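Participant: Based on the sequences and whatever the hints tell you, model everything.
Protein chains in written order, with the numbering used here: chain A, 6 to 364; chain B, 12 to 350.
No lab work stands behind these hints: they were computed from the structure. Note that the coordinates shown come from a computational prediction; the quantities given were computed from them, not determined experimentally. Just so you know, not all the hints are guaranteed correct.
[Stated by the list, open to error] What follows is a set of in silico ranges between Cβ atoms, one per label pair, in the way DEER data are often shown:
1) B:S117 <-> A:G24: 30 to 40 Å
2) A:K176 <-> B:M67: 23 to 33 Å
3) A:M199 <-> B:G330: 27 to 37 Å
4) A:R18 <-> B:A129: 31 to 41 Å
5) B:G330 <-> A:Q337: 45 to 55 Å
6) B:S186 <-> A:G283: 15 to 25 Å
7) A:Q264 <-> B:L54: 40 to 50 Å
8) A:R18 <-> B:S186: 50 to 60 Å
Positions of the beta carbon are idealized from the N, C-alpha and C atoms, including for glycine.
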Amino acid sequence: MSKQDQHTGVSRRDFIKLGAGAAFAAVGGGMSGLSFGAGQTTLACSFRSLTNPYYTAFNKGAQNFAKSVGLPYVPLTTEGSSEKGIADIRALLQKTGGNLVLNVDPNDSADARVIVEACSKAGAYVTTIWNKPKDLHPWDFNPNYVAHMSFDGVAYGESTATELFKAMGGKGGVVAIGGIFSNVPAIERKAGLMAALKKFPDIQLLDFQVADWDSQKAFPIMQAWMTRFNSKIKGVWAANDDMALGAIEALRAEGLAGQLPVSGMDGTQPGLAAIKAGELVTTVDWDPYWLGGIGLSMGLQAQQKKLQVASLPKDQRESFCKATLVNKSNVQTVMARATAPNADWNNLYARVAGPVVYR
Amino acid sequence: MSKLTAAPTRQAVSTTTTGLGFTSMHSLLQRFAPLLVLLALGLCIGAFNHDFFDPMNLARIAVSAAIPLTIALGGTFVIQLGSIDLSAEGIVAVSAITVSMLVENSYNDNHHGLWVLAVAIAAGTALGFANGMLHVFLRIPSFIATLAVGFVATGIGTAWLSGNTIRVSDTALRSIAITRYVGLPLSVWIGLLALAIAWFVHRHTLLGRHALAVGGGEDLARLNGVRVRRVRIAIFALAGAFYGVAGILAVAQYGQGHALIADGQLFVAITAIVVGGTSLAGGNGSPLNTLIGTLIVVVLGNGMVLLGVPPYVQQGIQGVLIIVAVTLALNRSHRRIVK
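Facilitator: Laid out in structure tokens, this is it:
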């Protein structure tokens with residue numbers, strides 16, 4: 006590089022100084038903003054990221070609960086990194102001296118054990134959502150590990166498939182789009198689809214492809230299916246709404262949207278809108294808003310000794326929760342709930358469907 | 012306009028007819044290797060499933076290729092410089108969100124006309140310009156500068172929508188992906204227009220020629236009076252404009268805008284550029300190479316579903332094909348160091 010280049014512009018050293026100064030000011034400002042008052046319990050949630058509508062709603066529920074009890078709330082995001090997720094939680098445990106109620110959606114099943122052990126040691130109260138190792142149970146860490154909540158992916162995969170097959174008139178060819186191969190929910194939902202196929206002998210599974218939960222990947226797959234199977238396709242099952250919408254857009258490009266039944270899962274806003282428009286047959290709403298708040302509510306009640314977790318039945322410690330199967334008949338209600346969410350944070354076990362089943 | 016009229020010999024697809032001497036046969040084969048790979052791939056798939064050649068299927072392939080092609084065209088210029096642009100996903104997302112915010116949507120009451128497309132392209136250009144400025148004036152390697160700008164762009168998208176998704180109901184915008192002219196949706200024609208513009212810039216403007224010169228030998232180019240820094244900044248801004256167009260196409264195609272709308276597209280674009288025969292070291296390649304490369308990637312995806320290849324081996328096959336295509340397309344015999 007010529008000398009001329011080095012003289013122009015901001016020098017690197019100046020830039021670093023400037024950046025360090027700005028960062029210092031920002032951190033200082035942030036620290037004074039977050040007051041961890043002595044004796045006041047901190048509420049926190051740890052989840053993947055805020056770029057995703059599911060976790061945005063999850064975070065909103067937690068915020069709302071924190072507001073209702075007047076306690077400070079801290080959202081932590083893992084951004085898909087187990088290390089970051091665990092390190093952030095450790096830092097918060099340190100900062101609060103263990104006076105913490107945590108609701109965590111672990112980045113990976115294995116993380117749950119580390120997080121639970123750290124919380125138990127520090128005297129904090131923790132609930133886990135979706136992921137945990139099979140041999141880790143809340144009753145092994147009384148009273149700090151309050152509860153684990155999850156949903157039965159197999160049962161709901163079967164429900165959406167059944168709803169789809171009914172819309173197809175119980176016969177014809179179906180194509181199916183799954184999530185990332187190694188993901189537990191992807192495996193469970195596919196198992197549900199397979200179970201439903203057994204109950205409808207006249208429905209034939211033409212092909213199963215994976216689109217990594219992504220509408221952009223589902224789009225060309227649906228296109229290629231239209232070439233390969235053409236009019237043999239009578240329905241499309243997808244393991245989540247985003248992929249279902251990718252398939253619908255591929256159908257729309259050929260003027261077929263709304264003419265073939267398509268099913269999704271997860272109850273996203275665009276998914277619900279597609280049900281209303283008659284392009285999507287069914288989806289499942291997990292109600293992340295409720296999950297975000299109720300986990301904290303359980304933890305806080307346990308911490309305040311309003312709840313004697315050790316004496317609770319096992320299915321209230323480790324539960325499959327009830328979700329809402331959405332179709333055209335109830336989509337209005339679900340959409341209304343999503344736009345103006347509210348929940349009864351004191352009715353802790355209203356949605357327990359049963360104990361977690363390990364398959 | 013251009014004083015540099017001679018075609019550089021390192022270009023992978025020749026644009027001028029060369030004599031068919033024995034030595035040039037070999038280099039000719041190398042030049043057309045990506046095209047041959049594409050044809051062989053098409054014939055193989057077509058032999059097993061005749062529906063591949065169905066005009067409807069070819070139209071579907073064209074639709075699938077429009078967005079990756081537009082992104083890859085922008086990336087081609089940067090790679091010709093010998094740099095790399097990792098900000099594509101973020102910039103496409105910002106452009107897509109800009110468009111979806113300004114047309115009829117589920118989020119606000121905006122209902123501006125299609126002139127907002129210019130705003131989206133401007134947003135892409137501005138971010139691309141930021142890439143170039145950071146890279147040139149702070150002297151940060153393009154790899155890191157663009158990676159960081161990409162994160163910033165995704166961050167802007169996330170914060171703007173607080174993680175939500177906007178649904179676009181504007182029929183005029185959606186018609187880009189739906190209304191068909193001569194059997195192909197408007198999005199494909201826009202992709203082809205982008206290709207034509209890229210070709211023109213590459214072939215007939217000083218900027219395009221200088222990009223190749225800088226990539227081929229920056230010191231020589233500088234000694235010859237090429238304003239290297241200016242070229243670099245302009246090329247990054249140009250790439251941003253292409254990502255802006257891709258953002259518009261993505262909104263038209265998926266009917267929504269969100270921060271992750273281009274997730275995974277960066278890898279597809281870079282694969283397409285390299286498979287098309289453009290070297291990551293810079294100084295060669297052309298938009299036509301990128302067209303061929305994009306088609307190879309898209310045809311492969313289409314073909315694997317048509318042939319019923321089980322999903323868990325698809326990725327492996329994709330990897331093998333990339334190696335084959337790159338081996339055929341790039342001449343490494345004169346390169347002493349490969350990095």
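Participant: All the hints need checking, so say for each whether the structure fits it.
Facilitator: Tested hints:
1. The given range of 30 to 40 Å is respected by S117 (chain B) and G24 (chain A), whose C-beta atoms sit roughly 38 Å from each other.
2. For K176 (chain A) and M67 (chain B), the hinted distance range of 23 to 33 Å is satisfied, since their beta carbons lie about 26 Å from each other.
3. Distance hint for M199 (chain A) and G330 (chain B): a CB-CB separation of about 29 Å, consistent with the stated range 27 to 37 Å.
4. Between R18 (chain A) and A129 (chain B) the Cβ separation comes to about 40 Å, which falls inside the hinted range of 31 to 41 Å.
5. For the pair G330 (chain B) and Q337 (chain A), the beta carbons lie near 47 Å from each other, so the given range of 45 to 55 Å is met.
6. Look at S186 (chain B) against G283 (chain A): about 20 Å separates their beta carbons, and that is inside 15 to 25 Å.
7. Between Q264 (chain A) and L54 (chain B), the C-beta spacing of about 34 Å breaks the proposed range 40 to 50 Å.
8. The hint said 50 to 60 Å for the Cβ distance between R18 (chain A) and S186 (chain B), and at roughly 53 Å that hint holds.
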